[in-house]
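Peer 1: Protein chains in written order, with the numbering used here: chain B, 4 to 400; chain G, 16 to 154; chain Y, 884 to 1111.
Warning: the hint list may mix true and false statements.
What the hints assert, rightly or not - Heads up, simulated EDC-like pairs for lysine to aspartate or glutamate below, C-alpha to C-alpha not over 20 Å straight-line: (1) Lys45/G / Glu9/B; (2) Lys81/B / Glu227/B; (3) Lys45/G / Glu1004/Y.
Since the hints were made in silico from the structure, they are not lab data.
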Amino acid sequence: MTKFIEIAGTGVTAILLHPWRSAVTAGAVTVVLLPYLVCLGLSHGLRLEAESSIQLGADLYVSGIQFGHKVPIPLVAKSQIERIDGVTEVVPRIVGAIAIGRNRESAVVVGMPVDRFATGASFLEGRLPGQNSVNELVLGSELAHRLNLKLDSRIPPFYQNAQGEKVSSVVGIFRPDAPVWQANLILTTLTTAAAIFNQEGLVNDFLVYCRPGYEDHVRAKVLETVSYRAQGSSGGPRPMVIQRTDLTAVLPTGLLGQQGVFELHFVLVFAVGILVVLVTSGLGLSERRREIGILKATGWQTDEILFRSLVEGCLLSLAAAALAIVLGLVWLRVFNGFWIAGVFLYGAGVSPAFRVPFVLAPAPALLTVLIALVVVMTGSIYSTWRAATASPAEAMR
Amino acid sequence: MLGARVAPRSWTTLKRPANFPTFFNIPVMKRSGPRFIFVGILMLTMLAAAALTADNLSLARRRSHADEFQRLLGGLGLGPSVDLAGCPMCFDARASFACKEDEGALPGSKFLCRHHACSVLRYRPIPLEPAAIHKDGTR
Amino acid sequence: MSDQVILETRNLCKVFRAGKSEVRAVDDLSVSIAAGSFTALTGPSGCGKTTLLSLLGALDRPSSGQVFFLGRELSRYSDVELARLRRRMGFVFQNFSLIAGLPVWDNITYPLIPRGVGRRERRDIAAQMLARFGLDDKADRSPSELSGGEQQRVALARALAGQPDIILADEPISNLDPVNSAAVMSCLQQIHAEGKTVVLSVHEPAIAPPGSRVISMAGGRIQREEIR
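All chains, please: the whole structure from these sequences, using the hints.
Peer 2: Below you can see the structure in the form of structure tokens.
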């Protein structure tokens, strides 16, 4: 046992014998692992938020489909859905895209019935649009930052409809740590949203809440009975129902579901990473061969030399993986995903004004250690084995 | 004579020369470098583990606003986009049933559009046609 | 000196190939080394002294022929057995072959690590060796901070630390000044006087101490043998 501890100790010493080689190897692995780890963290964080979006959302989303595209549906259809047995609540919702400001910043307008705003909300500064209010808006933190708007700011008319132009006021701004989709959101009442798009009497979808166990029944009934067609018309949109289970099914699960990360970074980690470590392993290779030759000449066995190299590689991998984890957390927590969030979150700027969702679960962290081990070992063990299996005279030559 | 056997002696009797450059008063034959490296790597690993644990423990607190937000808006947002401009499906598969820039199956690739290609999550489109519904209402 | 043969070669050949050319460094060489003897291999550069020492010390494999250690042929040894055999031999190389970056005391006792010698014991052995070779104050120095003579003494200390049966020294004084050369030769004689077998290679036969066996080599073969 003492012998193995002592040999393991020489593995630690070996790191210091070639400090530049060790530093470059650990640094290269860290650089390769860092974006990989950050992407996994972002992906996991986003997936958790998506899960809560599905779980806490409506039971059914009823919308319209025409010529293979999602289309607005008449608000009057609400009563048809409310009549279905098992339905407890139907909430019309408008979700649409606009461009606002001098730089035509993209924003998502969401209109909800004003009675939905009766309760206060802790996820914003200010308040929600009030009863009988017109053109009161709650802005996303990123949008407010880009448009340089603050609470109680007045927004010059940015849309035109039958009622003419209206000045809007900012009554609330989402907190940066609210879910990521608030970033460019404009939350307002259904009436104001309809006015913004000049689409009175139309909504995007109905959020349908059912009694437990009635989801399938309500879905079937909606498809069977609800019609968006005007009387006497044979055309018009058909109903489309999305159930919670449909959404859960499209939500990517497990590591393989994070395809963007894997398809992009597996190549980076395994192709580039191993190449980098092979190159760094080549640093001082002749000196290393000579050293192994001396060890063999003085009675070290091949397996003892490989064990020494294994300990050295394990420690370097551990250092690289741990450094990548710490730097990843610092990058995402302290620097809020500066630059990298913009790469993977469409619409996020270089320095997001919202809290980037990020969860580094133990599994990806362990995977990072494993990848570091594979990359470092592939790079170093082979060259050590080659030198250790040669005759000492040849290795020292 | 040089090379002649000497009486056994302990290493502790060895003295460091006066001009030996050292930062600390480390005894002779007790190298501190490997120990520093080992302890350093160990501490770095522990720091990473502690940071991970702390980060995961604070998850519930960080996500406290998320539940209230989603309840109010009836579930909004699913994917890696903060607006509808690039790929509405990336923002929310409920907002758009298909990606408007869907280029179909590319040879040797699974990417649907340029925004999906670089995302951290990739959604399958929700089927446009509802599943067959039997008379009893089951699918 | 006993009658027991510690090392023996029979029709030993070592051929190095570089492209189409072929160099016979050791050519059909048969020699035996008695336990407790002091043998000096002499000859000009390229005569095969270093190659012969490498073959004797199981540092290289012969192209043909046999090497015996205490009557057992080396080709029958497995890789592990060869490594263990090398622990019974002490090597001193012309270029010292110390591990740069390791302090002197660690260089001396590094070969003892795979033998399961604990750190405390290794320190004691190092202290003893350092005292023996007049390097008391150099324990924590790096080899690069030592003179050539001191480095060669460290190499000698390393070779002796494992209490080997035989010392194989390849031109140990060729890189040293006369004073250091004398010191190193004095060390080797002392080691021999303690009953160890010593085989060394030198350019000049005159350097071999009185009573030693001198083998003159040329072209990979033994030309002449004499007792000084």
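Peer 1: Each hint: holds or not?
Peer 2: So, going through the hints one by one against the coordinates:
Note on Lys45/G and Glu9/B: the hinted pairing holds, with a Cα-Cα distance of about 14 Å set against a maximum of 20 Å. About 15 Å separates the Cα atoms of Lys81/B and Glu227/B, which keeps this hinted pair within 20 Å; it holds. Proximity of Lys45/G to Glu1004/Y is assessed by CA-CA distance (about 13 Å); at most 20 Å being required, the pair is judged to hold.
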